[in-house]
Amino acid sequence: MNNRIRVLIGLWQHWLPGVLCFSIFLSVFTTLAFDLQSERDTTLSWDGADWVTSSDKSAVLYFRRKFQISSVPKKAILKVAGTDNFELYINGILVEEKLEMSGTPFWLGSIQDGLNPGENVIAIRVLARTTQTRPSLLLSLMLEDAQGLQQKILSDGQWKVSRVPEFSTHENADWHQLMFSDTYWDQVITTRLLALPALHDNVSAENFLETKVAGIQSVWHEDLASGSALFTVDIAQPRTKFENAWLAVRCDGAFQLSLNERNLGSFTGDANQMKIINVFQQLTSTSRNQLGVYADCNKERSGVALMFIGQVGDGEFLAWPGSDWWVTPLSENGEPRPDASSHPLQVVKEGDASPQRQITLKQDFYSIEDEEISYRVTLGVRGLKWFLFWFGGFSVFMMALSIPKNCKENSLLAHNLVFLLATLAGVALSLLALDARILAADIFNFFVLSGVVVGCVLMQLAIFLEFRRSVVSSRAPVVASERVLP
Amino acid sequence: MKASLRYSGTVLWSVVICVLLLAIFLRFDGLADRPLTIDEATIASFVEGVWERGYPFIFVSTIEVPLATYELVPYFLTFSTVLGEFNDFYLRLPAVLFSLGTLVIIFWICYRQFNVLAGVIASLIYAVSTWAIYWAQNCFHPSQTQFFTLLTIMMVRRLLNEDQVKLSTAILLALTFSVTYISWEGSGFLLPVSALMVLIFRRQQLSWLFQRNLWVMYLLVLLTLVLQGVRRIFLQEPHLMVGSGKGDVSLPQLGFLKDGWDPMFYLINFFGMEIHYIVGAIYVLGVFYFVKRQSLQFYYLYFLMMIFCLSNFLLFYNAHYLFFIYPLFVISVGVIMSWFVQDVIAIARKSGSAVVVALSAVSLAGLICLTVASLNTNVLKFYETGNKVYLGQRYDYRDGIAGVDYRTISEVFRRNYRKGDAVISGAPMPTKIYSGIMPDYFLQTITDRKVVYDPNLNEPFYRDKFLGTAVLRSGDELRDMLSHHQRVWMLAAPWEAMVSVVDQPTIDFVTRNMKVVAESYDARLYLWER
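Chains A and B, in that order, give the protein sequences.
Take the first sequence: its position 216, counted from the start at 1, is 216 in our numbering, and no numbers get skipped.
Take the second sequence: its position 300, counted from the start at 1, is 300 in our numbering, and no numbers get skipped.
By construction, these hints were calculated from the structure, which means they are not laboratory data.
A couple of the hints might just be wrong.
Facing chain A, from chain B, some residues (calculated, C-beta under 7 Å) [to be verified]: (1) F89; (2) S363; (3) I401.
From the three backbone atoms N, C-alpha and C, an ideal C-beta is built for every residue, glycine too.
Kindly produce the complete structure, drawing on both the sequences and the hints.
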C-alpha cells in the first residue's frame with residue numbers, strides 16, 4: 001500500500017504544478033463570479049421604510065395611504081417594491097404596472113407631476129404569484145419643495161390594507177381614487193421577514209447614477225412633426241479616457257441603442273422613468289465612438305431626454321447633453337425624411353445652446369447606496385471551497401488519464417504543460433481584459449461558464465478515449481449476440 | 001460469499017424502497033393544495049357523468065356530449081372517487097399511483113436490461129423531478145398516458161427480441177397500445193416510431209414483420225384506431241359552431257407545410273427547462289454510448305424520434321405533450337450515468353490504489369447528487385444562478401406557483417349566492433364543481449374559444465363549449481343582461497387570460513361598474529347589484 005501511494009505521489013508530481021496553477025486561477029474567477037458578486041449587491045436606501053402586509057393570508061392585497069402636501073414638490077422620488085407583481089396608482093392614475101416575475105424587483109421614478117397641493121393618495125395592489133409568499137409592500141416617497149424642505153412618506157404602520165376593495169361610501173370612487181373611503185380597511189402589519197430588494201450585476205452603477213441626471217431636460221424640438229427619429233452623438237474619446245460611461249434616456253415609448261452602427265439593444269421606457277444604460281464595455285479604444293438612439297417616443301407627453309455621461313474621476317463626470325446630439329427625423333418606413341435634415345439645433349430648445357460640459361455631481365438624499373463589499377472570512381472559505389472543487393476534479397481527471405498510460409512520464413508532462421499554458425493564457429487574457437477595463441461581472445461569468453462547459457466536454461472525451469484504448473478492448477463484447485437488443 | 005450477496009441485496013432493496021418512499025412523499029405532499037386546473041375540472045365533470053350513467057358525458061346546454069377523447073381517463077378517477085370522496089385529493093390519487101407505477105417500471109427496465117445502478121439513478125431522477133411531481137399531482141391524462149406508454153414501449157422491446165413472436169406478446173402489445181391510445185390520441189405517434197424501430201433493429205430480417213402472430217396484432221391495433229376514429233366522428237355532431245378547437249386538428253398533419261411549424265419547440269422547451277440543464281447535457285454527451293452500445297440505442301432513439309414526430313406532425317405545441325415519453329429520457333440518462341460511473345471506477349481500479357478509487361467514487365457521487373438535485377426546483381434553484389430571478393422559460397410547474405385559484409372565489413360565491421342571482425363564469429366547469437351552482441353566462445366578446453349553437457333552444461345565444469352556458473358576445477349583450485337582473489356575479493378566472501377573450505372596453509366596463517368581492521391567484525369574484 002505504501003508503495004502504491006508512493007507511486008501515486010510520484011505520478012502526481014508530474015502534473016501537480018499545472019493542475020495547481022490552473023485550479024488556483026479558476027478558483028479565483030469562480031469565487032469572484034459566484035460569491036463575491038453576490039456580496040456586491042447594491043441595496044436601495046429605503047430611508048427606514050419597512051415591509052408591510054396584512055395579518056390575513058391572501059393572494060392579493062390592496063394598500064392605501066393618504067398624505068398632505070402644501071405645494072407641488074420640486075422633486076418627488078418614489079421607490080416601490082412588492083411581492084410579486086403590483087399596480088401603482090397616484091391619485092387614481094395608474095403610474096406603473098409590474099406584471100412579470102422578472103427584472104428589477106422595484107420601480108423607481110419621479111412622480112411630482114402627479115401630485116397636487118392638499119390631500120393625495122398612493123394606492124397599490126400587490127399580487128403574490130406563489131403560495132409561499134404573502135403580498136407585501138415596501139415604499140419610500142421622498143418629497144422636496146422649492147424651499148428645500150423635505151418630507152418622507154414611508155411604508156409603515158400608518159397604511160391601510162384590504163383583501164378586497166370594500167364598497168366605498170362614495171359610490172363613484174374606485175379603491176385607488178382619493179375620494180374612496182378606506183375607513184373599514186385594516187391597519188397593516190410590518191414584517192422584517194423579507195430582505196430589502198437588491199440590484200445585481202451591472203445594474204448597481206446604472207441606478208447609482210439615477211439621481212445624478214434627475215435634472216435632465218427633454219430635447220425633442222417642439223416643432224418636429226410626429227414620427228420617429230434617429231439621434232446621434234460623436235464621443236471623440238477612447239474608452240481608456242473613462243472609468244465608466246452611461247447613457248441616460250427618458251423616452252415614453254420604444255428606443256434602440258447603437259454604437260458605431262452596431263445594435264446594442266432595444267428598450268422601452270415611460271415618461272416618468274429615466275433609463276440609465278451602461279455603455280462602457282461597448283465603447284471602443286479608438287476615438288471613434290458614435291452613439292445612436294433610434295427613438296419612437298411619444299413626444300406629445302414628455303419628449304425625449306438624452307445625455308451621455310462619462311466618469312473621468314472620483315465624482316468627476318463629462319456630460320454630452322442634448323445640444324451635442326444630432327437628430328434625423330425619420331419617415332414611417334424608417335428612412336430619413338426628405339423635408340428635414342440632420343441638425344443639432346432641432347434638438348435643443350432656445351436658450352439651451354451652451355451646455356455646461358464639466359459637471360460635478362453629488363449624491364442626493366434619495367440616492368441608491370452601494371453596499372460595501374465585505375471581505376469576510378467566509379469569502380476566503382468560499383475561495384478555498386472552489387479551489388478544492390477544481391483541484392479535486394482535475395486530480396481525479398488526471399489520475400483517470402494517467403493510470404491507463406501506465407505512468408508514462410511524457411504523457412503526464414504533456415498534460416502538465418497543457419494546464420500551465422491554459423493558466424498562462426487565462427492570466428494573459430485577464431490582464432488584457434483588466435487593462436481594457438471591461439466590466440468584471442461579465443468576464444467572470446464568461447470564464448466560469450465556458451470553463452465548466454469546455455472542461456466537462458474535454459474530461460468526458462479524454463476519459464472515454466483513454467478508456468476505449470485500454471479497457472474496452474480487453475473486455476467481453478457488451479452486446480449479446482443472440483438478441484437483437486440485449 | 002452468500003452472506004456478502006445477501007448483504008448487497010439487502011442494501012439494494014433498501015435503497016430502492018427509500019427512493020420509492022421519497023417519491024411517495026413528494027407526490028402526496030400537498031396533493032390537494034393546488035386547485036383543479038381547467039383541464040382537470042373538465043375531466044372531473046366527465047367523472048360526474050360516469051357516476052350518473054356509467055359512461056363519461058356532459059351536457060353542453062341541452063346537447064349530451066359523450067367524451068370522445070381521453071376516453072379511459074375518467075374511469076380510473078371514478079373508481080378512486082367511489083372508494084373515497086369526490087374531491088381534489090381522490091381525483092388526483094390515480095395520477096399519483098400511475099406516477100409511482102411508472103417509477104417502478106423505470107427501475108425494473110433499467111435493472112433487468114442494464115444494471116442496478118442505472119435503475120437507482122433513473123428512478124431517483126424520476127422521483128425528484130419537479131416536472132414529474134407536477135403531473136403526478138394533476139388528474140388530467142399525462143400521468144396515465146405516460147404509464148401505459150412505458151408499458152407499450154416495454155412490450156415493443158420485448159417483441160423485437162422474439163425471433164418467433166408469441167401470440168401472447170403480440171396481443172399484450174396491442175392491448176397496451178390500445179389502452180394508451182384511448183388515454184390520449186397523441187400517443188398514436190408510438191405506432192410510426194415503433195415501426196421505425198422495427199425497421200432499424202430488424203433491418204437484416206424484414207421477413208420477420210410478416211409473421212402470423214404479428215398480423216393478429218396489426219389487426220387489433222387497426223381495430224382500435226378505426227373504432228376510436230369512427231366513434232369520435234359520430235359523436236362530433238355537426239353542431240353550428242364558431243371558432244376552432246384542438247379536436248379539429250387531432251389527426252397528424254404535415255406541420256412543416258404550415259405557418260405555425262416550429263421544429264425547435266420541443267427541443268427548446270424540454271432541454272431549456274431549468275430542471276433539465278444538467279440531465280440534458282448528460283443526455284447529449286451520452287451520444288458516445290449511443291454510438292458504442294446498442295442496448296441504449298432503443299430508448300435513446302425512441303425519444304428523439306418521438307420529438308421529431310411531435311414537432312413535425314402535430315400542429316399544436318405544448319411542452320406537456322412530451323411528458324408521456326419522459327421515462328425514455330430518464331432511462332437513457334440513468335443508463336448513461338451508470339455506465340460512466342462504472343467506466344471511471346474501472347479505470348481507477350486499474351491503478352490498484354484505494355486512494356484513487358476513493359477519490360473517483362467521491363467525485364462521481366458528487367456528480368450524481370448534483371444531477372439529482374438539479375431536477376428539483378426546491379433544491380437547486382437554477383433560475384437564481386447569475387442572480388436572475390426568471391430566465392424566460394416556462395416555470396408554472398414549479399412547486400409553490402399558485403396557478404389559477406378557482407376554488408377560493410367559488411367558495412366565497414357559494415356562501416353569498418342568493419336564489420335568483422345571475423352568474424357569469426369564465427370557467428364554467430370549475431365554478432360548477434367547486435360551488436355546486438350552474439353558471440348562466442359565459443363572457444367572450446372575442447371569439448377565441450369554440451362556441452356552439454343549440455338548436456333545441458329558442459334563444460339567440462351561442463353556448464360555451466364547456467357546459468353550454470349562454471355566451472355574451474359583446475359589451476352591449478352584457479349590459480342588456482345586467483339590466484334584467486337584480487344581482488349578477490362574475491367569476492373572472494383566469495383573470496389575466498380574459499384579455500384574450502374579452503375586449504378592453506368591456507373589461508373596463510366590468511372593472512368600473514362591478515365590485516370585487518373576493519380575489520385570489522389570477523381570479524376575481526365580481527358582484528353587480530342594481
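Problem set entry | List of violated hint numbers, smallest to largest | Structure breaks hint 1 only.
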